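Kindly generate the complete structure, drawing on both the sequences and the hints.
Protein chains in written order, with UniProt numbering: chain C, 1 to 495; chain U, 1 to 495.
Some hints here could point you the wrong way.
Derived Cβ-Cβ restraints for the label pairs, each shown as a range [as the list claims (entries may be wrong)]:
1. 248(C) to 195(U): 34 to 40 Å
2. 452(U) to 447(C): 44 to 50 Å
3. 186(U) to 208(C): 44 to 50 Å
4. 248(C) to 207(U): 25 to 31 Å
5. 490(U) to 180(C): 51 to 57 Å
6. 172(U) to 280(C): 42 to 48 Å
7. 205(C) to 169(U): 53 to 59 Å
8. 183(U) to 11(C): 47 to 53 Å
Computed list of chain U residues with no C-beta within reach of chain C, every gap over 12 Å [as the list claims (entries may be wrong)]:
9. 94
10. 110
11. 171
12. 326
13. 377
14. 440
15. 479
16. 488
Hints in this document: simulated from the structure, not taken from any laboratory.
Source: prediction; values computed, not measured.
Glycine included, C-beta positions come from ideal geometry on N, C-alpha and C.
There are 2 protein chains.
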Amino acid sequence: MHRVRLPALMDKVMSAADAALLIEDGMTVGMSGFTRAGEAKAVPQALAERARLQPLQITLMTGASLGNDLDKQLTEAGVLARRMPFQVDSTLRKAINDGSVMFIDQHLSETVEQLRNHQLKLPDIAVIEAVAITEQGHIVPTTSVGNSASFAIFAKRIIVEINMAHNPNLEGLHDIYIPTYRPTRTPIPLTDVQQRIGTPAIAIDPAKIAAIVITNQPDSPSTVLPPDAETQGIADHLIEFFKAEVTAGRMTNELGPLQAGIGSIANAVMCGLIDSPFENLSMYSEVLQDSTFDLIDAGKLRFASGSSITLSGRRNADVFGNLDKYKDKLVLRPQEISNHPEVVRRLGIIGINTALEFDIYGNVNSTHVGGTKMMNGIGGSGDFARNAHLAIFVTKSIAKAGAISSVVPMVSHVDHTEHDVDILVTEQGLADLRGLAPRERARAIIENCVHPDFRAPLQDYFDRACAKGGHTPHLLREAMSWHINLEECGRMLAS
Amino acid sequence: MHRVRLPALMDKVMSAADAALLIEDGMTVGMSGFTRAGEAKAVPQALAERARLQPLQITLMTGASLGNDLDKQLTEAGVLARRMPFQVDSTLRKAINDGSVMFIDQHLSETVEQLRNHQLKLPDIAVIEAVAITEQGHIVPTTSVGNSASFAIFAKRIIVEINMAHNPNLEGLHDIYIPTYRPTRTPIPLTDVQQRIGTPAIAIDPAKIAAIVITNQPDSPSTVLPPDAETQGIADHLIEFFKAEVTAGRMTNELGPLQAGIGSIANAVMCGLIDSPFENLSMYSEVLQDSTFDLIDAGKLRFASGSSITLSGRRNADVFGNLDKYKDKLVLRPQEISNHPEVVRRLGIIGINTALEFDIYGNVNSTHVGGTKMMNGIGGSGDFARNAHLAIFVTKSIAKAGAISSVVPMVSHVDHTEHDVDILVTEQGLADLRGLAPRERARAIIENCVHPDFRAPLQDYFDRACAKGGHTPHLLREAMSWHINLEECGRMLAS
Numbered sequence: 001m002h003r004v005r006l007p008a009l010m011d012k013v014m015s016a017a018d019a020a021l022l023i024e025d026g027m028t029v030g031m032s033g034f035t036r037a038g039e040a041k042a043v044p045q046a047l048a049e050r051a052r053l054q055p056l057q058i059t060l061m062t063g064a065s066l067g068n069d070l071d072k073q074l075t076e077a078g079v080l081a082r083r084m085p086f087q088v089d090s091t092l093r094k095a096i097n098d099g100s101v102m103f104i105d106q107h108l109s110e111t112v113e114q115l116r117n118h119q120l121k122l123p124d125i126a127v128i129e130a131v132a133i134t135e136q137g138h139i140v141p142t143t144s145v146g147n148s149a150s151f152a153i154f155a156k157r158i159i160v161e162i163n164m165a166h167n168p169n170l171e172g173l174h175d176i177y178i179p180t181y182r183p184t185r186t187p188i189p190l191t192d193v194q195q196r197i198g199t200p201a202i203a204i205d206p207a208k209i210a211a212i213v214i215t216n217q218p219d220s221p222s223t224v225l226p227p228d229a230e231t232q233g234i235a236d237h238l239i240e241f242f243k244a245e246v247t248a249g250r251m252t253n254e255l256g257p258l259q260a261g262i263g264s265i266a267n268a269v270m271c272g273l274i275d276s277p278f279e280n281l282s283m284y285s286e287v288l289q290d291s292t293f294d295l296i297d298a299g300k301l302r303f304a305s306g307s308s309i310t311l312s313g314r315r316n317a318d319v320f321g322n323l324d325k326y327k328d329k330l331v332l333r334p335q336e337i338s339n340h341p342e343v344v345r346r347l348g349i350i351g352i353n354t355a356l357e358f359d360i361y362g363n364v365n366s367t368h369v370g371g372t373k374m375m376n377g378i379g380g381s382g383d384f385a386r387n388a389h390l391a392i393f394v395t396k397s398i399a400k401a402g403a404i405s406s407v408v409p410m411v412s413h414v415d416h417t418e419h420d421v422d423i424l425v426t427e428q429g430l431a432d433l434r435g436l437a438p439r440e441r442a443r444a445i446i447e448n449c450v451h452p453d454f455r456a457p458l459q460d461y462f463d464r465a466c467a468k469g470g471h472t473p474h475l476l477r478e479a480m481s482w483h484i485n486l487e488e489c490g491r492m493l494a495s
Numbered sequence: 001m002h003r004v005r006l007p008a009l010m011d012k013v014m015s016a017a018d019a020a021l022l023i024e025d026g027m028t029v030g031m032s033g034f035t036r037a038g039e040a041k042a043v044p045q046a047l048a049e050r051a052r053l054q055p056l057q058i059t060l061m062t063g064a065s066l067g068n069d070l071d072k073q074l075t076e077a078g079v080l081a082r083r084m085p086f087q088v089d090s091t092l093r094k095a096i097n098d099g100s101v102m103f104i105d106q107h108l109s110e111t112v113e114q115l116r117n118h119q120l121k122l123p124d125i126a127v128i129e130a131v132a133i134t135e136q137g138h139i140v141p142t143t144s145v146g147n148s149a150s151f152a153i154f155a156k157r158i159i160v161e162i163n164m165a166h167n168p169n170l171e172g173l174h175d176i177y178i179p180t181y182r183p184t185r186t187p188i189p190l191t192d193v194q195q196r197i198g199t200p201a202i203a204i205d206p207a208k209i210a211a212i213v214i215t216n217q218p219d220s221p222s223t224v225l226p227p228d229a230e231t232q233g234i235a236d237h238l239i240e241f242f243k244a245e246v247t248a249g250r251m252t253n254e255l256g257p258l259q260a261g262i263g264s265i266a267n268a269v270m271c272g273l274i275d276s277p278f279e280n281l282s283m284y285s286e287v288l289q290d291s292t293f294d295l296i297d298a299g300k301l302r303f304a305s306g307s308s309i310t311l312s313g314r315r316n317a318d319v320f321g322n323l324d325k326y327k328d329k330l331v332l333r334p335q336e337i338s339n340h341p342e343v344v345r346r347l348g349i350i351g352i353n354t355a356l357e358f359d360i361y362g363n364v365n366s367t368h369v370g371g372t373k374m375m376n377g378i379g380g381s382g383d384f385a386r387n388a389h390l391a392i393f394v395t396k397s398i399a400k401a402g403a404i405s406s407v408v409p410m411v412s413h414v415d416h417t418e419h420d421v422d423i424l425v426t427e428q429g430l431a432d433l434r435g436l437a438p439r440e441r442a443r444a445i446i447e448n449c450v451h452p453d454f455r456a457p458l459q460d461y462f463d464r465a466c467a468k469g470g471h472t473p474h475l476l477r478e479a480m481s482w483h484i485n486l487e488e489c490g491r492m493l494a495s
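Quick look at the structure:
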């Protein structure tokens, strides 16, 4: 079989159920998978099945979110004691919020750094999806790299899932670079989005490969929604802003390397660039979505660097069936590198991420509904926003048919502080916060981003807070009142 | 005069009052000065004097805080329309909090990056304190580098204050490195705290030097207080923790490059290392305080890299009078480099910074009293904490004779999120938050860091919040009640 090219490993081929037996109660397990792409599929399913009969619990680390309802199956089977660093599953979310699964919400660039420093327990075993194992016994990932390389390096044993559903031509797409150990760490040599600095496969001692499982199951399609009037409005405001930046001489017509968070709004913004005047664009992002390939097809995007490819059903066959068409314009990197502060700062990324809510001073909540309930996790937004050339956060100005304003007096949870947020955009407009003091930020945000139904109440809050004083004026008795109203009456404001 | 070694510049020597006339109403002015060290002194004083008769307003950018009551004088004279990126003056603080001065509170590594990208208005004029101007017309800074190099490079005109009160032997201490422009920026080549990567003086076109003012006024002495029982307790807990890290094999006996924020607590912690078992220590910090030199004298510290030297009156004559004794163990860098995320992440800094308050989930407020009133600014704490090997925050568990608990249900302002905080220390004990979920963090913090008077009420809040649920359990109606009590009754809890 040309997918396992080191013959000595052929006797490691076994069923998923047998391989799953290598995972024992109490273990820490590192699995491939990033934004529902390239996750190991059969072994976690087998593990969940076994756990239904014979209870066991593990700490599960991944790159980011898993597809194929794996987090749901593992949660329902009671397998997850601890989970990091990101997830998007509604069943797991419920378990996190009722306190039955301990979720460690991390900057996506930091998990393997903490492992490398032994600040987190190293994985006992890694489960990595691959398109092939090379002649040297090295692992060629599939549609994501995520944390797979470091998990495989750190784990004592590795289970490889060879997924026949993936195009073997994915080989050559990956660039595996692992930072050297401190105190003799050297600079990450990456100075351009298209530069290759590593190896095409994950170099490990093949003796660590304890099992090989052959699978044939596709990635889950992305759940991105098509652009609507509001997301189109957000895209339009942002493109006008970029045009003004070019006119002001702060960017060229190539903009800068673009990063777009996962999800419908960021995808819509990227789609908006198709009909823009900008040319020869590049991406340095985590996830490459449909919009990446739409931009390539439109001749707008010269190169895209990511850690995963997550496509809709429509786009999937199209891209992976014609991979040669795209291959020289793509690279997939470990998430430590795709999100690395050193590289983000050096390249001058334009980071576009989605906010759950933001407040009149520009603090952003990306994670916690009502200050308490985890939605997904901070993901890579902090990796990018802190060091970006432009840290942009986007959201629709209202939610739940107007019951909720996405702009509030004080956010109920802070993921990105006022110091790290440059630009806020809703379908109402764009607030440019660069170089502004808090009172000035509030004026720009209330004027530009707030839905008309909430503008007067926010202005009133701000005016009364200013009368009381402070660098960042607030009325502590009222600061959370909109969230309390929502919790107690189902609306932020009495109608 | 050997202090101005380019003879053509001698005719630029003038009085401070004449030089100050170069600063016009509405200008943006970049001045030297970082942690009350190396600030231009005579020109801002002359500017304040002039403004009392002839009102004018400027935007003032510095490295960080100024000494010699300059911010007070400039505020009282009505000179400051806008001020960035940091300050510590009580008069200016009042003006910031009543809204009469617009203060832009920034990560100290980011100001010049935003200038370089034209996201802030470039300084019209720079005012830089120097020990000398070289034969090439380059500027040799004094006791701080701060943002002086980039201000001098960006400004159209430069006023140099040659301060005769500084030891001319400071020349050779500085290492001026300026990152190259995007999109062709290269890695910062620094891989060791003691490495020199730049030039000993600020290279500018000497034709930009519009005025030279000769001064003779020392830096203000630091206001650091000697260690007390509480700061000693904090130091003791931290040293025990470091010992355990060494035992666990996560650090060597040399620890890692240390960063310590300005102020009495961080200084006391560093002093605590004198009697520790650790050897061959190094610092990669912003400000070098008395403790740095105490550690060198004790044979504990092999090298210290900073952006400024700020000493007590006692230590000042001692260090600067015997500079040869220390010079090969010191380097002063631009604050963009001393605080650069790329370097901080590469070197694996142990960052020790002071919190104003933190909450049971480990979010840290470094800046805002009662969520509204600015104290000083975030300074470099965010530059270090986000990318440090260990992000440590320290504070005394109570303030104002027990009216205030430094540990609260929810912080009233967030500067450092749960994602960026590894270790919290008060005199009560140390909470190691690495790898913990929020509910686990709360247990560690309540058990270890809280003053006994506040432990039961915090535990009660946490228990009731957990009963309600959520990944980060909170009761929004009570979350800020301690701050509201303080504001309204002078105490966080009824006594």
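Regarding the assertion that residue 110(U) does not contact chain C, is the least Cβ-Cβ distance greater than 12 Å? The assertion about residue 110(U) is violated, with a minimum of 8 Å to chain C.
message: Over 12 Å from every CB of chain C: does residue 94(U) meet that, or does the non-interface label fail?
response: violated (10 Å)
Any Cβ of chain C at or closer than 12 Å to residue 377(U), or is the non-interface label fine?
violated (10 Å)
Residue 440(U) clear of chain C by more than 12 Å, beta carbon to beta carbon? violated (6 Å)
| task | With 51 to 57 Å as the target window, see if residue 490(U) and residue 180(C) comply at their CB atoms. | result | Cβ of residue 490(U) to Cβ of residue 180(C): about 55 Å, so the range 51 to 57 Å holds.
(message) Verify this label for me: residue 479(U) is non-interface relative to chain C, using a Cβ-Cβ cutoff of 12 Å.
(response) violated (7 Å)
| request: Can you let me know if the beta-carbon spacing of residue 183(U) and residue 11(C) is within 47 to 53 Å? | output: Holds - the Cβ-Cβ distance for residue 183(U) and residue 11(C), about 50 Å, lies within 47 to 53 Å.
Cβ separation of residue 186(U) and residue 208(C), checked against the hinted range 44 to 50 Å: With Cβ atoms ~36 Å apart, the hint is violated.
Original post:
Per the hint of 44 to 50 Å, is the separation of the Cβ atoms of residue 452(U) and residue 447(C) within bounds?
Top reply: holds (49 Å)
- Taking the shortest Cβ-to-Cβ distance between residue 488(U) and chain C, state whether it exceeds 12 Å. violated (9 Å)
Is 42 to 48 Å right for how far apart the beta carbons of residue 172(U) and residue 280(C) are?
Since the Cβ atoms of residue 172(U) and residue 280(C) sit about 46 Å apart, the hinted range of 42 to 48 Å holds.
Distance restraint evaluation - residue 205(C), residue 169(U), Cβ atoms, bounds 53 to 59 Å = Given a distance of about 55 Å, which is inside 53 to 59 Å, the answer is holds.
Of the numbered hints stated above, those contradicted by the structure are hints 3, 9, 10, 13, 14, 15 and 16, listed in ascending order.
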